[in-house]
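Colleague: Read off the chains here:
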Amino acid sequence: MLHVCREGPGPSGGELHFCLRNEPKTFNPILVDDEASEHIRYLTGGVLIRANRQTQALEPSLAESWKVSSDGQKITFQLRKGLQFSDGTPFSSEDVAYTMRLLMDPQAHSATGDAFRSAEGRVNVQTPSSDVATVTFPAPVAGLERLFDQVAILSAKSPKKEMSVLGPYYVAEYKAGSHILLRRNPNYWKRDAQGNRLPYIESVRLEVQRNRDIELMRFQRGELQLINRLEAEQFDRLQKENAAAARNAGVGLDAEEMWFNQVPTAPLADYKKRWFQTTDFRRALSMAINRADLARIVFFGYATPAYGPVSPSNRFWFNPALPAPKYDPHGALVLLARAGFRLDHGTLKDSAGNRVEFTIVTGAGNTAREKMAAMIQQDLSQIGVNLKLVTLDFSSLIERITRTFDYDACLLGLVNTDLDPNGQMTVWLSSGADHQWNPSQKSPATRWEAEIDKLMREQATLPNEKERKAKFDRIQEIVAEQQPFIYLVNKNALSAVSVDVAGAAPVALNPQAFWNIDTLRLGASGQLGANK
Amino acid sequence: MSGRRLLRIFCYSILSVAFGAALFAGTITKYSYAAQFRDVPNSPPSAMHLLGTDGLGRDLFTRVIYGTRVSLLLAPAAAFLATAIAGILGGLAGLRGWLTEKVILAFADLSLALPLLFVLVALRALLPLDVSPIFSVIATFFILGLLGWPASLRVVWAAVRRLRQSDHFLFATALGYGKTRLLLCQVIPNLRPILLAQFWISIPLFVLTEATLSMLGLGVMEPLPSWGNLLRGCENFSAMAANPWRVVPLFVLIVTVICLQYILPTSGETA
Amino acid sequence: MTAWILKLAQRLLLLAALAGVGGLICATMVRFAPGFGVDERELDPRLSQASLEAIRKEHQLGTGLLSYYGSYLFGLCRGDFGTSTFLERPVGELLKERAPFTIRAVLLGLLTAWLAASVLALLTVRFPSWLLDSSATAFTGLLIALPAAVVALLCVFLRLPVFAGVALVTLPKLFRYQQNILAHASAQPFVLAAQARGVSRNRILFRHVIPVCWHPLAALLGVSASMAFGAAIPLEALSDSPGIGQLAWQAALNRDLPLLTSITLLVAGFTVGINSFPKAAHQEQS
Chain A
266 MLHVCREGPG PSGGELHFCL RNEPKTFNPI LVDDEASEHI RYLTGGVLIR
316 ANRQTQALEP SLAESWKVSS DGQKITFQLR KGLQFSDGTP FSSEDVAYTM
366 RLLMDPQAHS ATGDAFRSAE GRVNVQTPSS DVATVTFPAP VAGLERLFDQ
416 VAILSAKSPK KEMSVLGPYY VAEYKAGSHI LLRRNPNYWK RDAQGNRLPY
466 IESVRLEVQR NRDIELMRFQ RGELQLINRL EAEQFDRLQK ENAAAARNAG
516 VGLDAEEMWF NQVPTAPLAD YKKRWFQTTD FRRALSMAIN RADLARIVFF
566 GYATPAYGPV SPSNRFWFNP ALPAPKYDPH GALVLLARAG FRLDHGTLKD
616 SAGNRVEFTI VTGAGNTARE KMAAMIQQDL SQIGVNLKLV TLDFSSLIER
666 ITRTFDYDAC LLGLVNTDLD PNGQMTVWLS SGADHQWNPS QKSPATRWEA
716 EIDKLMREQA TLPNEKERKA KFDRIQEIVA EQQPFIYLVN KNALSAVSVD
766 VAGAAPVALN PQAFWNIDTL RLGASGQLGA NK
Chain B
4 MSGRRLLRIF CYSILSVAFG AALFAGTITK YSYAAQFRDV PNSPPSAMHL
54 LGTDGLGRDL FTRVIYGTRV SLLLAPAAAF LATAIAGILG GLAGLRGWLT
104 EKVILAFADL SLALPLLFVL VALRALLPLD VSPIFSVIAT FFILGLLGWP
154 ASLRVVWAAV RRLRQSDHFL FATALGYGKT RLLLCQVIPN LRPILLAQFW
204 ISIPLFVLTE ATLSMLGLGV MEPLPSWGNL LRGCENFSAM AANPWRVVPL
254 FVLIVTVICL QYILPTSGET A
Chain C
2 MTAWILKLAQ RLLLLAALAG VGGLICATMV RFAPGFGVDE RELDPRLSQA
52 SLEAIRKEHQ LGTGLLSYYG SYLFGLCRGD FGTSTFLERP VGELLKERAP
102 FTIRAVLLGL LTAWLAASVL ALLTVRFPSW LLDSSATAFT GLLIALPAAV
152 VALLCVFLRL PVFAGVALVT LPKLFRYQQN ILAHASAQPF VLAAQARGVS
202 RNRILFRHVI PVCWHPLAAL LGVSASMAFG AAIPLEALSD SPGIGQLAWQ
252 AALNRDLPLL TSITLLVAGF TVGINSFPKA AHQEQS
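Top to bottom, those sequences are chains A, B and C.
Okay, so the first sequence: first residue is 266 according to this note's numbering, each after it adds one.
Okay, so the second sequence: first residue is 4 according to this note's numbering, each after it adds one.
Okay, so the third sequence: first residue is 2 according to this note's numbering, each after it adds one.
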């Protein structure tokens, strides 16, 4: 290990230790679809365009510049010259063509590739010279440039295949179930203002650690120097014990939400289906939930009440004009009365005399969600609703919400990795598989869903971002009126960074704490135990 | 009175208090186990809340009392079921010998090899969603009882085999006792202490299995408390150091299990 | 000699058959458990319909359960344990990587537990007093009362290896059994006769009591081995140690049929084998 320490810029050497939540499933950047693999891709992959996680602006990376055609179907990259992969293989436009070919292969079923798939048809890549690549899509792709942030370029020629990389680190060692060791890429193209080659830190050791309490314990002992995402309770504790290490980047992109099962063929009683399909019922229950208490108690104040699908931290796409109805159980009862419900000795009943009781399912092991559900249970009991909470292991939960539809309501979290809502096409289109409350519809069941379908399709074809935003603003308004999803809170982006890690500036976008890995430095005591 | 006897009486008293508290929970505490005092989450012990409050502002003392009811009343029921099954199968294996013995023992060994937690997770996921928390906890302990017999089986089987080879059994057989009379007059009375010991040993095991399930988030449904879901607060040691009253459920569990160990007949008493 | 070989072959065949039955039961449970065949990738909004269909098809068995299991066993004869649907790697490779860790933890944990339990049991029998007996009961009761999750976290907090957790979980049960065996032997008439003759307590213990306990202790070895293995699995899963336990828990949560079947097969073979070994040795002697 190199331990070169300087006061000013320049390599600090040392080894950065932090954890992955799960075993990475693949090192092939084309096939990445889990968080651990995505982190490895971020640390090792070189991309043509990088979305700066701090400014949210797009920056040139392997491509010096790019141009998107007016119809949004073609993008031309001017590549940097003289770059090499980690094993010395030269980088050229051929590698871009090779990568796009693999990415867009329908047999690959790549989530990254599917994000580009706006229509059927082949994707063409032309390489008029070794430093120019033009990618042409069969139809316009909304937010085209931003999608290239996820495309790590593979070498067409290297015998090491996906292990030969253009990013700041390469995978040097992998012990299944234990750790992955990344070493500095000697051929990494980026340099700092003084001309020093980046990254500063010599190596990164990623340990597989599922248990978050153990992860925090190890951080406090100095065995880890960084925790990318901290739960609110742990953050609160860290804040009291080691405030300098606790980093709050403000409101994050992630949200907690619940929805009612509106699938017409679901194995539920008809009267329950009628409740869940009634807008006033959903709006009333939304109004009866005390979001401020959820944020204050479950998330220790490190969350803000949410009313729409876009977090305020997504500066461009957030609609600030959305109504934010306050907690109002009395108002909820008025809405329910309008829908034919009445309170009978403290129990809410519908017009046919059925007691309003239903279950909400959520994944087991997530204590924050269980607490939220318990608080929602209490809130809804104030308006006479009997809510039962059931925790299921994740596989059983997914089966119920995607296959059997044998559930009443579900409480889950929304993890947003992409700022552009176009990436959620399958959520908003009524025919989409992720249109959770009533997926894969042959035709829209309601007028407002038909309107959302129309708006989503329109915004996907518009090249102008302001026009797209106007369409999506209207979608947000419809969602606020109809409440198919009842958004609860937007969680803050919380991380832990040891004081020995210089240059860290955690942000709301993932990866929160190590988005600028190439300019992080370890301090004078850049060894384990430095936290003590 | 011997020291051991005094200790046993003391343990019986503690267990009686615990059982009594579980049965008369509503009289001991004025709060509901689900009531959330949202102004005082994670508060330390006070006059209003003897053991403080949990993360949702629920009175911890109330939840410990009601949690005792769930764990301490249902675990013995599960232990009884498991011991009864072990008694029947172990008795059959030991008495009949030959193929019956081989099949039953092999089945027990196989059951031990199966991933029990997975079986519990899968069976729990099969339960209808709209059952009450009480029903779901009864079902959980019932399943634990149905699956918990293999561990006791070999002990019962070994005891029955020893019995078969004992002088009084051989004498009874030589006297021409029928199978039923042998079972009722020789086997069951001699097996009673073994079965009783297995019953008492199984109780803490089922309490702990439910606790492990709850710590994985798959135990008793909210808001019903059990020792298991109360123990989830012990997952973080620095949090416990900051809120030491959270260790009370673990302390109650340990004291109860130790008392159950003490009331078991000693090796000298059964030898 | 031939008879001995025949008997051994019979036992091994029986062992293999039982392990196979165990694997089939496990495979059946996994196949029909809720959540089989689903993948959390189905919630990824980026995936196209074609990709979703491909993912769903990947997780289907493709054939009936019996024919799947038949081809699995056939592959097993060639050393092919199948491919993990969750980790997308050959199961054989995964087991080869993780097994040494678990075996080490189980062996060391067992050794530690046996040493500690034997010393404690011998002390309580050699120096019979209610105080010593009660203290031993309190200590082992404390250990029994700790849930596996708490023991796992305690090991992490105190920076103890997993085998220490295995020892802590196995020790109290081992002590109880050993104490019973030794006390039962101590109550035999020949021991009473030796005491009446004025033989010293140490001599009685080491010359008369312990020798008659070998067979039941050998039987206990089998039981304790499967107890230790059973303890190692949740401990590894809860402390995130890279052993078979963690693998088994992940396989269970993700309904990974090939992985869970393979692990159950191995555990069943181990459990049945270890439990039949003392019985076989006893039969050989008598």
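For the record, the hints were derived by calculation from the structure and aren't laboratory data.
Where is the CB? At the ideal position from N, CA and C, for every residue including glycine.
Misleading hints may appear alongside valid ones.
[As the list claims (entries may be wrong)] Straight-line Cα separation of at most 25 Å, SDA-like style, residue types lysine to any residue; simulated pairs:
hint : chain 1 : residue 1 : chain 2 : residue 2
1    : A       : K440      : C       : A100
2    : B       : K33       : A       : Q643
3    : A       : K440      : C       : T86
4    : C       : K97       : A       : Q643
5    : C       : K97       : A       : E472
6    : A       : K538      : B       : P247
7    : A       : K440      : C       : E89
[Claimed, not checked] Facing chain B, from chain A, some residues (calculated, C-beta under 10 Å):
hint : residue
8    : F623
9    : K636
10   : L662
11   : D671
Colleague: Each hint should be assessed against the structure and marked as holding or not.
Modeller: Here's how the hints hold up against the structure:
This hinted pair checks out: K440/A and A100/C have alpha carbons roughly 13 Å apart, not beyond 25 Å. Distance restraint check for K33/B and Q643/A: the Cα-Cα separation of roughly 18 Å lies within the 25 Å cut-off, and the hinted pair is therefore satisfied. Of the supplied pair hints, the one linking K440/A and T86/C holds, its CA atoms being roughly 19 Å apart against a limit of 25 Å. A hinted pair counts as satisfied when its Cα atoms are at most 25 Å apart, and K97/C with Q643/A does not qualify at roughly 50 Å.
Using a Cα cut-off of 25 Å, the hinted pair K97/C and E472/A holds, with the two alpha carbons roughly 20 Å apart. About 47 Å separates the Cα atoms of K538/A and P247/B, which puts this hinted pair outside 25 Å; it is violated. Between the alpha carbons of K440/A and E89/C the distance comes to roughly 15 Å, so the proposed pair stays at or under 25 Å and holds. Look at F623/A: its Cβ gets to within about 8 Å of chain B, closer than 10 Å, so that hint holds up.
The interface hint given for K636/A is met, as the beta carbon of that residue sits about 6 Å from the closest beta carbon of chain B, less than 10 Å. Among the interface hints, the one on L662/A holds; its C-beta lies about 9 Å from the nearest C-beta in chain B, closer than the 10 Å criterion. Among the interface hints, the one on D671/A holds; its C-beta lies about 7 Å from the nearest C-beta in chain B, closer than the 10 Å criterion.
The structure does not agree with the numbered hints 4 and 6 stated previously, though it agrees with the rest.
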